[in-house]
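Student: One-letter residues, chain by chain:
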Amino acid sequence: MSTRTRPRAHPDDDTTTYREALREGLREALASDDRVFLMGEDVGRYGGCFGVSLGLLEEFGPERIRDTPLSESAFVGAGIGAALAGMRPVVEIMTVNFSLLALDQILNNAATLRHMSGGQLGVPLVIRMTTGAGRQLAAQHSHSLEGWYAHIPGLRVLAPATIDDARHVLSAALADPDPVLIFEHGSLYNAAGTLDPAVHQVDLDHAAVRRQGTDVTVVAYSGCVSKALEAAEELAGEGIGAEVVDLRTLRPLDDATIVGSVRRTHRAVVVDEGWRSGSLSAEIESRICEQAFFELDAPVERVCSAEVPIPYARRLEEAALPQSAGIMAAARRVVG
Amino acid sequence: MPSLGADMDDGTLSQWLVHPGDRVARGDVIAVVETAKSAIEVECFESGTVDALLVDEGTTVPVGTPLARIGPSAEDRPTADRPPSTPLVRRLAQDRHVDLAAVHGSGPGGRITRADVEHAEPELEPARAPERDTTAGPSEPTGTGIRRQQGTESARRRRSRGGAEAKTAPTARPPRPVRSDDSTGQRQAPQRAKSSPLARRLAAELGVDLGEVTGTGRGGTVRAQDVRSAAAAEGAPQPAVPDVARAATARLMSRSKREIPHFYLSTTVDMAAALEWMRARNRELPLSARLVPAALMLKAVALAARKVPELNGHWGVSGFVPAEEVRLGVAVSLRGGGLAAPALAHADALSVAEVMAALKDLVARARGGRLRASETADPSLTVTNLGDQGVEAVFGVVYPPQVALVGLGRIVERPVAVNGLLGVRPVVTATLSADHRAADGATGARLLTTMEKLLQRPEEL
Amino acid sequence: MNHDQAKAFVRQAVQRVVPDADFAGLDPGVPLRDALELDSLDFLEFVEALAELSGTELTEDDHPALGTWDGCAARLVAEASASAQGRSA
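Going down the list, the protein sequences come from chains Z, X and V.
Note that the numbering used here numbers the first sequence so that position 120 is 120, with each residue one more than the last.
Note that the numbering used here numbers the second sequence so that position 353 is 353, with each residue one more than the last.
Note that the numbering used here numbers the third sequence so that position 49 is 49, with each residue one more than the last.
Bound-form chain Z, shown alone:
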C-alpha cells in the first residue's frame, strides 16, 4: 500500500490522530490483558497496512503481534478458534472488500455459534477493518459494506467516527462476549484532534448527538459524520438548525436516539456512504417511518454513494461520494 504513514510524534502539544488513538487502544488492550493478541496481514513488521500497529511488534513481540498469510478465511477462522479457546483475539482485515473472503467464517461461524450451541460457545472475537473511500484507492479498496454486516444477527458492528471513539472503542469491543466488528474509515486515519481526558470509555449502546439543532436531524456515521457536521455549520448560517446524530453502533441501531431526535426536529436526512439500494440508510429511514411517521413534516431524504463501483479518478470519486454540499441540499429540501 502506498498510503503507509509513519506515526507522527507530537512532542510539543497533545494533539493526536485517529490512527494514533486506535494504536493507543491496541496498546492498552495488549498491556492490560495477556489473552489479547493482534493478527492480520502485515500488522507486524510492516506496522499494519494503514500504520495502525506500527511499533507494536517491537513492544509486544511476535507471539502477540502476528503476521498472517494473505488468506482472510484462514486467519479469521483461526481467530474464531482462539476466541472459542478463551483468547481475546483482535483480527485486522485490510479492507472491508477483502473481508468477503472471510464472510463464511464471520457469518456462518462467528455470528452463529452462540445460537447454534444453545449458548455453550461464545466467540469473543474483535475484527477491525478499514472501510470507505476518499483516498483514490479505486473500487477494490473503497467500498462501504458495513451495512451488509449490520444485517447479521449475532454481530455487533461499530463505526467510530471521532478520535475519542477510536481511542476507546477497542476496550469496549473486547468486553463484549460475542463477535464485534470495528469499521475504521480510511479517510479518518489522519484526522487530528485532541483526546478528551475526561473520556475513558465509549458507550456502544447509544448513538451520539454530535451537534444539536431544531430543524432537521442528520443521521450519519463513520466518515460521513464530519461531512454532516460541516454541512450543519454551513446550514446554521442560513438559519437552519441541523442536529447531527452519529450512529456509532450500526448494529444494534439505537432507535431511541434517532427517533427521539426526529421527534424534536420533525425532519430527517440520512447520510450513508454505502449504496442507496438495500442500504443501512434504507433501514434507518424505515425505522423513522415506522416509529415517528406522525412526527414527520417532510419526506425523509437520503444522501448515499452513487450506485457505481467507486471510481479512481479524483473528481469522479468525489462526485460519487456523499459530500457536505449534498447533505446541505437535502436538508434545505426537507426544511423547505
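Calculated directly from the structure, the hints in this document are not laboratory data.
We put the CB at the ideal spot given by N, CA and C, even for glycine.
Please note: incorrect hints may appear among the correct ones.
As the list claims (entries may be wrong) - Computed list of chain Z residues with no C-beta within reach of chain X, every gap over 12 Å:
hint	residue
1	G81
2	L103
3	G119
4	A138
5	A292
6	L296
7	A298
8	A313
9	R333
Said to hold, decoys possible - Simulated DEER-style distance windows between Cβ atoms:
hint	chain 1	residue 1	chain 2	residue 2	range
10	Z	H200	X	A52	29 to 37 Å
11	Z	M116	X	V317	48 to 56 Å
12	X	A357	V	P31	23 to 31 Å
13	X	A25	Z	R332	29 to 37 Å
Unchecked claim - Partial chain V-side listing against chain X, Cβ under 7 Å, derived:
hint	residue
14	S40
15	L41
16	L44
17	E48
18	A51
19	E60
For chain Z, the structure is supplied; the task is to place chains X and V on it using the hints.
Tutor: Only chains X and V this time, still in chain Z's reference frame:
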C-alpha cells in the same frame, strides 16, 4: 364528523344531546350537526358509555374528526385517541367517498387499514363494527351515523328566504382563502391536498380543516407551520359574514372544472305525447298525486342511464367505475342560495308515480334541511332542471366524481315540422354535460336519444 | 266567497309553501311563480294547499288560470258562485 357528500368538508357541532357518562344505545341520536346546507341529527351506531365529548358545541371540525369517544362500558379505562389515518387510507377514502369517521379500524390500535376502506365501499353505510373485546385494549372512538333531523329551528330558518337570519347562524365559519391550486394536471385522479403526517396530526389536534390551509411546502404540501398559522388565524376576528353553502358549491364546482374535461351535447325533445299522457293521468289522479313533467323526464333519464351504463357511475383513481344502480341526483336550488343534489335511489326501478312522490319528498326535505344520509351519498348521475326558472337550456357542471349531468330546460311551445307539416308543439331542450375522460360524444348521444325515444312512449315509462 | 276572501286563501296557500313570502308589495297581476320563485313542485303544492283551504276542486286544466294572485282569486270566486248556483238550482 360524518360526511354528507362530496362537497362537505366540515360540519359544526351545534348541540350535544348526551353528556359524558351517559349510556347510549346504537341508533340513539346524540348530537345535532349543522352543515353548510342543513341541520342533521347524528346517531351513534355503537352501544356503550360516552367517555368524552371531543368537540365543543359551536365548533366547526373537518369531516372525519371524532366527535365523541364511546367506551364499551362505564368502567374507567385508559383512553386513546383514534390513530391518525395514513395518507394512503385518506386518499382511498376520498376517492371512494368513504367516511373515515364511520369506518371501524381493524389495524393495530384501531387504525383504519386500506382493507377497511375498501370494505366500506360502495355503500356509504359504515360496516358494522365487529363485537368489541371488552376485556382488553384501550377503548376506541366509534363512528357516527346520521339520521334524519326532525326539523329543528335552524332547519326552519334555512327554509326561510330572508337569508339574513340563516347567514348569521352562529355556527357558520368565515371562509379562509381556498388553497392555491398548484396542480400541474399530471394526475387526473381527484386532487387532494398533500399534507405531512405531522401536519395532519396537528390539524386534528387543533381542529384545523386541512383542505382550507394553504400549503407552503414542496408542491404546495401543507406542513406543520401552515397548520399552526391557520389555527392562529382562525382565532383572529373575521371580517366577512360567511356564506358556507356558497363556499361548498364553489369548492365542488371549481374542482369539477379543474379536473373534468367537459363536453356538451344538446337535443330538442318533443314533449307533446308525454304531456298529453300526463294531463290525462292527472285528470284521474287526486291533487296530491298529480304528476309534473319533471317526474316523467327524470324517469326517462333514469331508464336511459340504465341503458347507457358508461355514463352512470364514478371516476376514481383507476378510471371509471360503473354504478350498480341508477342513483339519480336531483339538483335542488335552496332558498337563500346554494344547491343540494340529493339522490333518488333505484330511480330506474320506480314507477312514474313513485318517482313523483319521491321527488316531492326529496325536494321538500332538501329545502328543509332534513335529508337522510343515504340520500346525500353520491348519486351516479345528476339531473338539473332549470326549466322552472324559465330558461330553455342548461349546460351544467358535472358533480365530481360523477361523469355526467343531464340538463333540462323549460318546456316551451315552438313551431315544429312533424310529418312534413308545421305544427306548434311543446318541446324541451335536453343537454348532457359529460366527462371526456370517461366517455366519448357518441356515448353521450346515445343517452340523450334513448331518453328522447322513451319520452315519445310515456305510457311505457 | 268574495274576491278579498279568495285573495286571503291564496296568501295562506302560498305561505304554506314559502312561509315568509312577502305579499306587501306584491302586484296582484304579476305571475306568482316568477315573483315568488315557485318551481313546478312548489306550484303543485300551492295548488294543493289552495284547494284544501278554499274547499275548491282544482284540476290540471285550471292551472293556467292560477298564474296570478288575482287570477287565483277570480277562479276561486267563480267556482264558489258556480257551486252556489248549482245548489240553489
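Student: Which numbered hints turn out to be false for this structure?
Tutor: 5, 6, 7, 9, 10 and 13
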